[in-house]
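Model the full structure from these sequences, guided by the hints.
Heads up: take any position in the sequence shown, counting from 1, add 139, and you land on our numbering.
Don't read these hints as lab results, they were simulated from the structure.
C-beta atoms are modelled at their ideal positions from N, C-alpha and C, and glycine is treated no differently.
Quick list of the computed label-pair ranges, beta carbon to beta carbon: (1) 185 <-> 157: 18 to 26 Å; (2) 182 <-> 217: 12 to 20 Å; (3) 207 <-> 164: 18 to 26 Å.
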Amino acid sequence: MSRQKHLSVLSPVARWMAQQGLSCRGLAAEMGQSKSSVAGKVNGSLHWQQADLVWLYRMKGLPSDFALGNDAALVNRLLSPPAKEGSAH
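Structure, rendered in structure tokens:
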């Protein structure tokens with residue numbers, strides 16, 4: 140499976156983490172949680188808690204609808220590469 144295709148099946152937070160070069164261990168350390176707890180939330184086997192969503196927004200600027208995958212347009216906008224300067228729109 141190509142890297143692009145592999146990233147498209149991951150959760151929005153997992154895709155964002157990959158773009159940021161951030162591991163579950165690193166995010167867990169920042170959030171003060173265990174690696175297994177954060178990994179479960181990122182891969183969808185555990186639910187994000189309200190406190191997690193507040194932290195992701197306050198510390199990383201990620202809205203809850205992004206983390207939960209509730210808004211496809213928002214997910215696409217936040218995960219799309221930044222426009223290059225001087226490029227026509």
